[in-house]
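**Student:** One-letter residues, chain by chain:
Protein chains: 4
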Amino acid sequence: MHQRQGTRYAQVFAAVSMPMSELIKVRDELRAFAAERDWDQFHSPKNLASALAVEAAELLEPFQWLTEDQSRNLTEKQLAAVKNELADVQIYLIRLADKLDVDLLQAVRDKIVSNAEKYPVNEFKGSARKYSET
Amino acid sequence: MHQRQGTRYAQVFAAVSMPMSELIKVRDELRAFAAERDWDQFHSPKNLASALAVEAAELLEPFQWLTEDQSRNLTEKQLAAVKNELADVQIYLIRLADKLDVDLLQAVRDKIVSNAEKYPVNEFKGSARKYSET
Amino acid sequence: MHQRQGTRYAQVFAAVSMPMSELIKVRDELRAFAAERDWDQFHSPKNLASALAVEAAELLEPFQWLTEDQSRNLTEKQLAAVKNELADVQIYLIRLADKLDVDLLQAVRDKIVSNAEKYPVNEFKGSARKYSET
Amino acid sequence: MHQRQGTRYAQVFAAVSMPMSELIKVRDELRAFAAERDWDQFHSPKNLASALAVEAAELLEPFQWLTEDQSRNLTEKQLAAVKNELADVQIYLIRLADKLDVDLLQAVRDKIVSNAEKYPVNEFKGSARKYSET
Chain A
1 MHQRQGTRYA QVFAAVSMPM SELIKVRDEL RAFAAERDWD QFHSPKNLAS ALAVEAAELL
61 EPFQWLTEDQ SRNLTEKQLA AVKNELADVQ IYLIRLADKL DVDLLQAVRD KIVSNAEKYP
121 VNEFKGSARK YSET
Chain B
1 MHQRQGTRYA QVFAAVSMPM SELIKVRDEL RAFAAERDWD QFHSPKNLAS ALAVEAAELL
61 EPFQWLTEDQ SRNLTEKQLA AVKNELADVQ IYLIRLADKL DVDLLQAVRD KIVSNAEKYP
121 VNEFKGSARK YSET
Chain C
1 MHQRQGTRYA QVFAAVSMPM SELIKVRDEL RAFAAERDWD QFHSPKNLAS ALAVEAAELL
61 EPFQWLTEDQ SRNLTEKQLA AVKNELADVQ IYLIRLADKL DVDLLQAVRD KIVSNAEKYP
121 VNEFKGSARK YSET
Chain D
1 MHQRQGTRYA QVFAAVSMPM SELIKVRDEL RAFAAERDWD QFHSPKNLAS ALAVEAAELL
61 EPFQWLTEDQ SRNLTEKQLA AVKNELADVQ IYLIRLADKL DVDLLQAVRD KIVSNAEKYP
121 VNEFKGSARK YSET
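Residue numbers (the working numbering), protein chains in the order written: chain A, 1 to 134; chain B, 1 to 134; chain C, 1 to 134; chain D, 1 to 134.
The reader is advised that the hints may include incorrect statements.
Copies of the same chain look alike in the list, so a pair counts if it fits in one copy or across any two.
Okay, derived cross-link-like pairs now, SDA-like style, lysine to any residue, Cα gap no bigger than 20 angstroms in a straight line [stated by the list, open to error]:
{"id": "1", "residue 1": "Lys99", "residue 2": "Phe33"}
{"id": "2", "residue 1": "Lys111", "residue 2": "Val121"}
{"id": "3", "residue 1": "Lys125", "residue 2": "Val113"}
{"id": "4", "residue 1": "Lys111", "residue 2": "Asn73"}
{"id": "5", "residue 1": "Lys25", "residue 2": "Gln106"}
{"id": "6", "residue 1": "Lys99", "residue 2": "Ala32"}
None of these hints come from the bench; they were simulated from the model.
Since we're looking at a predicted model, the values are computed, not measured.
Please model the entire structure based on the sequences and the hints provided.
**Tutor:** As structure tokens, then:
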């Protein structure tokens with residue numbers, strides 16, 4: 001039955017495959033951006049993974065002293081800063097996936113399918129088990 | 001002139017806007033996934049930002065002792081692990097953007113336009129200045 | 001007046017300097033540990049800084065879905081895991097400082113003195129200003 | 001035999017226990033610093049763990065685009081920045097351990113003993129096994 005949940009997600013995703021992916025489009029822009037500046041020499045997967053971790057921490061920074069409720073109600077200034085960091089994380093993520101020749105969207109689809117099998121609704125609904133175990 | 005570079009990117013992106021975004025599609029799947037399991041109670045922006053930083057570090061982990069060259073030539077086993085972590089980062093990024101009501105792809109486009117203005121090719125081509133300053 | 005606060009801390013610290021520092025002792029043990037295993041080849045500052053960030057994220061992981069109150073009341077199992085990660089962060093921090101020839105304890109003292117000048121009690125007492133600005 | 005290595009470390013550490021620890025001294029200064037400013041309300045273990053991860057990433061940032069060799073030869077300006085971040089990580093680490101009532105130095109000693117048993121010299125000397133497996 002868990003298999004079937006996974007299958008359902010796989011089918012949904014198959015149905016939305018598109019001729020020209022927007023992530024592929026951004027990937028190509030980022031490739032051109034780096035190439036024009038001769039920055040590929042800095043963009044080893046090791047370095048990009050570091051840069052991604054740094055940006056993810058910068059995204060965490062505005063939230064570190066907020067309560068959970070406050071984090072749901074950011075000021076406009078806070079939100080603008082956060083938006084900027086969200087973009088940085090996404091950009092490095094696309095660059096890193098590109099350098100590793102990974103189809104990022106396909107990796108996400110595979111992971112959702114696998115999560116659907118790992119956390120079946122009937123066992124995990126309303127349960128904090130996944131969260132209390134981590 | 002930098003303005004013009006930014007403008008060029010803005011136009012390119014405008015040209016590829018699509019009726020149904022693949023990221024929106026994944027966002028909706030992730031919404032349903034969390035809702036079915038009643039997990040939204042855990043998904044405050046503060047918590048999601050933490051989870052994202054944790055996953056970004058897990059993505060960094062396989063690279064931490066590798067040389068840059070080794071990071072360009074992962075074994076299949078290493079790559080499979082990395083692919084899994086790339087997906088986790090992307091998933092939490094989409095969830096966090098969703099909870100903050102941020103259009104992730106638009107934020108990326110805005111950032112690329114702004115980067116194009118900040119790092120004009122003629123000044124930064126072949127220069128490590130950006131990188132040596134950080 | 002802020003100067004005086006800083007000075008007070010500087011004096012307190014000077015008073016507790018000891019002939020044989022415990023952190024120096026641990027540093028020497030870690031040096032011997034790496035040397036015996038020929039691991040210094042992996043311990044470039046760049047790699048150690050990555051390892052430290054990875055361990056700091058592993059330390060964050062058990063807290064990511066907890067409420068602040070829950071984080072103040074860990075189970076014994078949670079605490080044991082956290083203790084382990086606290087140690088890992090401290091170990092890599094000592095190793096990194098050693099490789100950079102930095103006196104970690106002196107750096108801490110300098111930072112506390114500088115923080116005392118930056119956040120004078122009369123301006124920051126009971127105020128979340130520092131925290132709401134980040 | 002691995003046991004004996006662990007035991008050796010345990011004995012070495014026992015021999016250097018001191019009546020007044022320098023880390024305890026710093027811990028007490030940090031306690032007073034927070035209390036004077038009424039900042040304990042922000043310093044839940046969850047928040048401190050986030051702050052620590054953020055600072056660890058700030059420590060990684062100056063290294064992210066450097067080669068390993070460059071990371072061994074920082075400029076004075078780079079080193080000053082790094083020293084500052086090393087201190088921040090150490091400060092939050094001491095605060096977090098304090099809030100969790102963990103003896104940080106003892107946790108480090110326990111971990112070194114356990115690492116000595118886990119990575120016996122005769123099996124790991126000159127081998128990158130630990131590192132290639134991660």
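**Student:** Now, for every hint given, state plainly whether the structure supports it.
**Tutor:** Checked hints:
Proximity of Lys99 and Phe33 under a CA criterion of 20 angstroms is satisfied intra-copy only: 14 angstroms inside one chain copy versus 30 angstroms between copies. In this homomeric assembly, Lys111 and Val121 come within 20 angstroms of each other (Cα to Cα) only inside a single copy, at 16 angstroms, whereas the closest approach across copies is 38 angstroms. Taking CA atoms no more than 20 angstroms apart as the test, Lys125 paired with Val113 passes inside one copy only; the shortest distance there is 17 angstroms, against 42 angstroms between copies. Taking identical chains as interchangeable, the C-alpha atoms of Lys111 and Asn73 are never at most 20 angstroms apart, the minima being 30 angstroms within one chain and 23 angstroms between chains.
For the identical chains of this complex, Lys25 and Gln106 are neighbours both inside a copy (15 angstroms) and across copies (13 angstroms), given an alpha-carbon limit of 20 angstroms. Only within a single protomer do Lys99 and Ala32 lie at most 20 angstroms apart by alpha-carbon distance; the minimum there is 13 angstroms, versus 31 angstroms between protomers.
Checked against the numbered hints listed earlier, the structure breaks hint 4 alone; every other hint is satisfied.
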